[in-house]
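Number 103 in numbering that gives the first Met the number 0 belongs to position 104 of the sequence shown; there are no gaps in the numbering.
By construction, these hints were calculated from the structure, which means they are not laboratory data.
Fair warning: there could be bad hints in the mix.
To be verified - In silico lysine-lysine, DSS-like type, Cα no more than 30 Å apart, as pairs:
#, residue 1, residue 2
1, K92, K75
2, K122, K26
3, K92, K46
4, K92, K70
Unchecked claim - If you anchor each label on the Cβ, the simulated ranges turn out as follows:
#, residue 1, residue 2, range
5, D23, T109, 30 to 38 Å
6, I106, N15, 15 to 23 Å
7, Y108, D29, 29 to 37 Å
8, I30, F87, 17 to 25 Å
9, V127, I45, 17 to 25 Å
10, V131, D13, 31 to 39 Å
11, E27, G110, 20 to 28 Å
12, D23, I128, 27 to 35 Å
13, D23, G110, 29 to 37 Å
Quick caveat, the model's predicted, so the values are computed rather than measured.
All C-beta atoms in this analysis are idealised placements derived from N, C-alpha and C, irrespective of residue type, glycine included.
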Amino acid sequence: MQFGNHDGTLTEHDGNHFKSLLLDSYKEADIDPATVDFIEAYGSGIKNEDAMELNIMEEVFCTENRRTPLKVGSVKSNVGHCEVSSLFMSIVKAIITLESGYIPPNINYTGPNNNVAALKNGKIQVSVIQLVLL
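Based on the sequences and whatever the hints tell you, model everything.
This is the structure we're talking about:
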């Protein structure tokens with residue numbers, strides 16, 4: 000997955016590329032993003048990057064067809080940034096979620112990022128308690 004801005008710095012991400020990646024992927028898989036109950040975010044811990052990621056998730060997943068809040072998590076809140084194994088840790092979390100039927104809670108989440116309206120208005124819900132996967 001590549002959504003970086005190759006003309007900018009290494010950590011400068013381009014929201015348009017990320018949004019296109021999500022829309023194209025779900026279109027190719029023939030899945031309406033509004034039917035997705037849970038998504039594992041990258042969750043870098045950098046406020047402006049996390050806000051960009053969540054605001055794009057709101058645009059893609061929280062359309063008028065959505066009936067329930069989008070549950071979102073990030074394994075980094077539980078185990079930190081594991082460098083090259085971070086993606087693997089997210090896959091392990093997804094397997095645990097599918098096998099147990101529960102979304103593990105995010106620890107260390109204290110409140111919404113002020114730059115993410117969807118966290119404040121309830122369109123996106125951070126899993127801070129163990130939630131049942133529908």
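Each hint, compared with the structure:
Taking the CA atoms of K92 and K75, the gap is near 10 Å; set against the 30 Å cutoff, the hint holds. Using a Cα cut-off of 30 Å, the hinted pair K122 and K26 holds, with the two alpha carbons roughly 22 Å apart. A hinted pair counts as satisfied when its Cα atoms are at most 30 Å apart, and K92 with K46 qualifies at roughly 23 Å. Between K92 and K70 the CA atoms are separated by roughly 14 Å; this keeps the pair inside 30 Å, and the hint holds.
Take D23 and T109: their Cβ atoms lie about 34 Å apart, and the range 30 to 38 Å holds. As the Cβ distance of I106 to N15 is approximately 32 Å, the hint placing it in 15 to 23 Å is violated. The beta-carbon spacing between Y108 and D29, approximately 33 Å, falls within the hinted interval of 29 to 37 Å. I30 and F87 have their C-beta atoms about 24 Å apart, which keeps the hinted 17 to 25 Å range intact.
The hint said 17 to 25 Å for the Cβ distance between V127 and I45, and at roughly 20 Å that hint holds. Separated by about 35 Å at the C-beta atoms, V131 and D13 satisfy the suggested range of 31 to 39 Å. Range check, E27 to G110: Cβ separation about 36 Å, and the 20 to 28 Å hint is violated. For the pair D23 and I128, the beta carbons lie near 33 Å from each other, so the given range of 27 to 35 Å is met.
The given range of 29 to 37 Å is respected by D23 and G110, whose C-beta atoms sit roughly 33 Å from each other.
The structure does not agree with the numbered hints 6 and 11 stated previously, though it agrees with the rest.
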